[in-house]
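Trainee: All chains, full assembly: derive it from the sequences and hints.
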Amino acid sequence: MPTELSRRELSWVIGGPQGGGINASAEIYAKALTRGGLHVFANIEFHSNIMGKHSYYRVTAAPVPVRSHVDEIHVLVALDQESLFGDALERKHYPSHTGHVHQVAPGGGIVYDADLKIDPAQFQRDDIRLYPVPYFEVLEEALKQLGKGGQSRKYIVMRNTVALGASVALIGYDEDLLFEAIRESFKGRKAEAAEMNVLAVKAAADYVRAHYQERPARKLTALPAEQRKPRILIKGVQAVGIAKIKAGLGLQTYYPISPATDESVYLEAKGPQYQLTVVQAEDEIASINMAIGAAHMGIRAATSTAGPGFALMSEGFGFAAITEAPGPVVFLWQRGGPSTGLPTRTEQADLQFALHPAHGDFPHIVIASGDIEEAFVDSFESFNWADRYQVPVIVLLEKFLASSLFTSDRLDTSKLKIDRGLVYQPVSPEKNGYRRHAITPDGISPRALPGTAGGIFSTTSDEHDPEGHITEGIDNRIAMMRKRMVKLQTAAREIPESFKFKLHGPRRADLTLVGWGTTKGAILDGMTELELDGFSVNFLQLRLMRPFPAQEIEALLRDAKRAVLIEANYSGQLGALIREQTGIALDHRVLKYDGRPFSRNEIVEGVREALSERTKEVMVSHA
Amino acid sequence: MPETATPPKKFSLQEYKTEVHVDWCPGCGDFGILSSIQQAFFQLQIPPHRIAMISGIGCSGKTPHYVDTYGLHTLHGRALPVATGAKLANHQLTVVAVGGDGDGYGIGAGYFVNSGRRNLDMTYIVFNNGVYGLTKGQASPTLGKGLQTKSMPDPSIQEGINPLAVALGAGYTWIGRGYALDVKSLVSLIVQAIQHKGTSFLDVFQTCPVYNDLRTKEWYAGEDIGRTRLRRLDADASWDPVVKDPANLDEVVQKKTRALQTSYETGDSLGVGLFYKIDLPTYDEQLAGKVPALKEHPLIDLPLYQRDVTPLFDELA
Chain A
1 MPTELSRREL
11 SWVIGGPQGG
21 GINASAEIYA
31 KALTRGGLHV
41 FANIEFHSNI
51 MGKHSYYRVT
61 AAPVPVRSHV
71 DEIHVLVALD
81 QESLFGDALE
91 RKHYPSHTGH
101 VHQVAPGGGI
111 VYDADLKIDP
121 AQFQRDDIRL
131 YPVPYFEVLE
141 EALKQLGKGG
151 QSRKYIVMRN
161 TVALGASVAL
171 IGYDEDLLFE
181 AIRESFKGRK
191 AEAAEMNVLA
201 VKAAADYVRA
211 HYQERPARKL
221 TALPAEQRKP
231 RILIKGVQAV
241 GIAKIKAGLG
251 LQTYYPISPA
261 TDESVYLEAK
271 GPQYQLTVVQ
281 AEDEIASINM
291 AIGAAHMGIR
301 AATSTAGPGF
311 ALMSEGFGFA
321 AITEAPGPVV
331 FLWQRGGPST
341 GLPTRTEQAD
351 LQFALHPAHG
361 DFPHIVIASG
371 DIEEAFVDSF
381 ESFNWADRYQ
391 VPVIVLLEKF
401 LASSLFTSDR
411 LDTSKLKIDR
421 GLVYQPVSPE
431 KNGYRRHAIT
441 PDGISPRALP
451 GTAGGIFSTT
461 SDEHDPEGHI
471 TEGIDNRIAM
481 MRKRMVKLQT
491 AAREIPESFK
501 FKLHGPRRAD
511 LTLVGWGTTK
521 GAILDGMTEL
531 ELDGFSVNFL
541 QLRLMRPFPA
551 QEIEALLRDA
561 KRAVLIEANY
571 SGQLGALIRE
581 QTGIALDHRV
591 LKYDGRPFSR
601 NEIVEGVREA
611 LSERTKEVMV
621 SHA
Chain B
1 MPETATPPKK
11 FSLQEYKTEV
21 HVDWCPGCGD
31 FGILSSIQQA
41 FFQLQIPPHR
51 IAMISGIGCS
61 GKTPHYVDTY
71 GLHTLHGRAL
81 PVATGAKLAN
91 HQLTVVAVGG
101 DGDGYGIGAG
111 YFVNSGRRNL
121 DMTYIVFNNG
131 VYGLTKGQAS
141 PTLGKGLQTK
151 SMPDPSIQEG
161 INPLAVALGA
171 GYTWIGRGYA
181 LDVKSLVSLI
191 VQAIQHKGTS
201 FLDVFQTCPV
211 YNDLRTKEWY
221 AGEDIGRTRL
231 RRLDADASWD
241 PVVKDPANLD
251 EVVQKKTRAL
261 QTSYETGDSL
271 GVGLFYKIDL
281 PTYDEQLAGK
291 VPALKEHPLI
301 DLPLYQRDVT
311 PLFDELA
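Chains as they are written, first to last, in the working numbering: chain A, 1 to 623; chain B, 1 to 317.
Calculated from the structure, these hints are not laboratory results.
Hints are not guaranteed to be accurate.
Distance ranges between label pairs, derived from CB positions [stated by the list, open to error]:
#, chain 1, residue 1, chain 2, residue 2, range
1, A, Pro-272, B, Val-242, 32 to 42 Å
2, B, Ala-293, A, Leu-116, 53 to 63 Å
3, A, His-359, B, Pro-155, 31 to 41 Å
4, B, Arg-227, A, Pro-272, 49 to 59 Å
5, A, Gln-551, B, Lys-290, 24 to 34 Å
6, A, Gln-227, B, Ala-293, 40 to 50 Å
Here a beta-carbon is modelled for each residue, glycine too, at the ideal position from N, C-alpha and C.
Mentor: Below you can see the structure in the form of C-alpha cells.
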C-alpha cells in the first residue's frame, strides 16, 4: 500500500559524464521546485575523477515533506549513452554500473539524445516511455533566435539545459519557475547565458510538445502561489559552515580531501565577510596541531577531514586531550573506507574509529548528526562542549549529508547560546599560584588565556602535574587520570537529552528500528511504509556516542519487542557499541556497504527481510 | 648613534626563569641555548606573558618548562604547526618554537619545509646535536655518512641533511646558525631572529656530551687542529647576507647562492652567524589583507561570537 509520499513524489535523475554540467542542471531544477513550494531532497553520486566518468544527480520532490530517495526513477534524463545502459560495453570486467534504464518505474519516461540513434528495442522495456530529443538541433533552434545560429558546438554545455527543459515540459511543471531559477543562477556577467538557457528550455519544451502526446505517468505541479512557503535549499557542508560561523569559529584548518573540502572552501569564501581565518595546511597532522595551538590560545578552532585524514590526526587528538585543550572540534565527514577506499561515496564505517581515535585512555566527545538541523545544532554546540569540558570533540558526518541538497526552513538560531566555559581571571598580574590543570571534583580547571598577565602556564603531552610540568609521580598520575576522565561524567550529566538520542514514534512499539547518522531520513520515511504492514514502529536514533547514554538506551532497548539495527557499514559498528555499553545484542541487522546511501525502499525491504524466518542479517544494495 | 643611558629594565632576567628542576645532563649544550633564550627575552624586554614558547619532543622539548612564559610542550615533530596555530590565534604574541634536529629535520621535516613557505612572524630554534639523545643516541638526520657515535652499532650509511640548504629552498626569510656554548653570540642571533618580521630559522650546534662523542666541545674548539672550527661569518668584511631589494631576483639568487655555498663548508670551517635575510610580506600581513580587522587586533580579540548569519541563509533562499 503506498504512502502519501510514495504516491505523490517524483524521482527525477539526470545522468552524464563528470564535468558535463549535471550539477548545474539538477540544482537549477531543484531550485525551481523549491520556489514552487515543493519539498526537495537531492543527492549526487560521482566518481573520484575530474572529467568523463559517469555521475548522476537524483532530485526527489513532493508536495509533502521528503527526506529520502527511492531507487525507482520516474523521469530519467540521460546526457549520454552510458547513463542509459552502463559501461559494461567498454569495461568487460567489473563494469562500474549498469545504467539507469532498469531503474525506471513502469509508466516512467526517459529523455535522451535522439542523435544517439538508439533502437528502442535496445531498452528492452515496453512499460516505459521514450522521449528522444535531438539536443543539438534544439539547441541550434534556440541559438538562432539570438542570432547565434551555427554555433551550437561552441555552446555544447547547454545540451544539459535542452535535456532539462524537455523533462520539465514532460512532467508538466511551471516553466516560469524554471526560468526564474535559471536567471538567478546566471547573474551579472553571466546574464547573457541566462537568456540563452531560457531560450534553450523553451525550444526543448516546444519540441516535446510538438512531438509527443503521451506524458510520463507522474507529474509535478507547483503549489498555488499563496501556499508556497519560502524555504532554503541547503547542503550539509553549508549547514555546518554556517553553524561554525555562528559559533564564533576563529580558525579552520584543513588539508584537501573528499568529501570534507567543500566545507572548508565554503568557510574560506566567507572569511573576509566574517573575519574568519581558514588555513590549508601541509597535511592533516599539521591541520590538527594548528587547530590545537589556536585552541590553547583561546580562540575557537576546528579542522575538517575524512577518514584517511583523520588517521593522521590520531596523535594530535591524544595531545589535545592530555593537555586539556578547549578543542579542537574535528568534523569527520565519513566516506567509504578502508584506506583510500571509496573517496566520493558514503559510509558509516568510522564510528568505532571516532570512539578510539588515539592511544591511551582519555576523554573526548563524539556526536553523530542525522540531518541538516542536527548537523547545524551539533556543529554549534560542539564548540561549547570543547570549551566547557576542555576536550577534543568529533562531529561525525557523512558524504551523503555533505553533498545532498535539502529544502529546509531557515535554521533556527534563536536558541543557540555561546558557552566558553571556565576562563581564569587572574587575581594579580604576578605569580599567584595559578594551576592550569588544577584538580577539581568535576575535572574542569579554569583555563587562562595566553597573553594575560598572571595566567602563565606550561602544559605538555607528557603526563604533568597541576602546573603543567612533567612528572611521572604515581599519586599525581592517578589523580590526573581521574581528573581528566571524570570530565566524561560531567559532560554526560550536563549534555541535554536531545543531543544524546531521539526516540521517533511511540514510546512502545511492535518494532524498534535502531540507527544513527544520515540513515535517519530513509528510516523515518520508511517507517511510514512499514506501519502500513499493520504494526507500530518506532526509531531509536543514537546521537551522542561518547559519553554514551548507556542507561537510557538500555532501558529503551529492554522495552523493545523486536529491534532491527540499520547501519551503512559491514560490521554493525553501532551494534558493537550498544552491546559494549548495555550488554544487549541486536541480532536483526540491515547493513549496507556498497558506498551508496540507503534508499527508502532498501530500508523497508531490508527490515522485512531481517524479520523474516529466512535470515536475521541482511545486506542491501540496489544502486 | 649617540650613547644614551640604558633605561631601567622593567623585567628582570630572573623573571624569565622558572623554578622547575632542569633535568638535562651535566655539560649539556642545551643549557647554553636555554640561557641565551632567556637573555634574549630579557634584552628585548618582552613581557613574559606576551611570549608563547612551543616545543617538540626530546631533551630540547623541555625548554618551555624552564622559561617562565606561556609554554606548550607538544608532540615529536609538531612544534611548528602548533606554533603556527598559536600565532594565527594571537599574532601579537611573540612565538618561539624550539626542537631538536631529529624533531625538526626528521619526523617534522614536512613542517620545517612548509613553515618556511608560510612566513608567519615567528622564530624557530633547532638544537642540533646529531643524535637522538633521549632515546640513547641513535643517529639523527644531521649525522653525516660514515660517522659513528658511541651508542651506534655501525657507522651511518646515510648522508646527513644540510638544514640551512633546506631552509633556503623552503623560503625562510631569516636563516642563521649559532653555537650553544658561545652564549654571547647566540643571544645576539636570537634577538635578531625574534626581531625579524617573518619566520626566522636558527640552527644551533649543540653538544651532547653523553651520546655524541664526535661533535664535542673540544671538537668545535678544534683542539685537535689547533684552532676553532667555528668561523664567524661577520668577520669577513665582504659577507653581506641581507637582501636589499626583495624585488630584485638577481640579488635574491646571488645571496641565496652564497649562503648555500657557505652552508656546504664543512669539516674544519663551520660558518656561524646570519646566513640570509630578506623582508617579504608575512603570512599574518597577508591574512590582514583579507581580514582588515586583523591589522589592529588579533583573532582572539575580534567579536566572532553570534555572528549574524542571515545573509548566508539569504544566499540559499
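Trainee: Decide, hint by hint, whether the structure agrees.
Mentor: Hints, one by one, checked against the model:
{"no.": "1", "hint": "A:Pro-272 x B:Val-242: 32 to 42 Å", "result": "34 Å, holds"}
{"no.": "2", "hint": "B:Ala-293 x A:Leu-116: 53 to 63 Å", "result": "56 Å, holds"}
{"no.": "3", "hint": "A:His-359 x B:Pro-155: 31 to 41 Å", "result": "34 Å, holds"}
{"no.": "4", "hint": "B:Arg-227 x A:Pro-272: 49 to 59 Å", "result": "58 Å, holds"}
{"no.": "5", "hint": "A:Gln-551 x B:Lys-290: 24 to 34 Å", "result": "49 Å, violated"}
{"no.": "6", "hint": "A:Gln-227 x B:Ala-293: 40 to 50 Å", "result": "44 Å, holds"}
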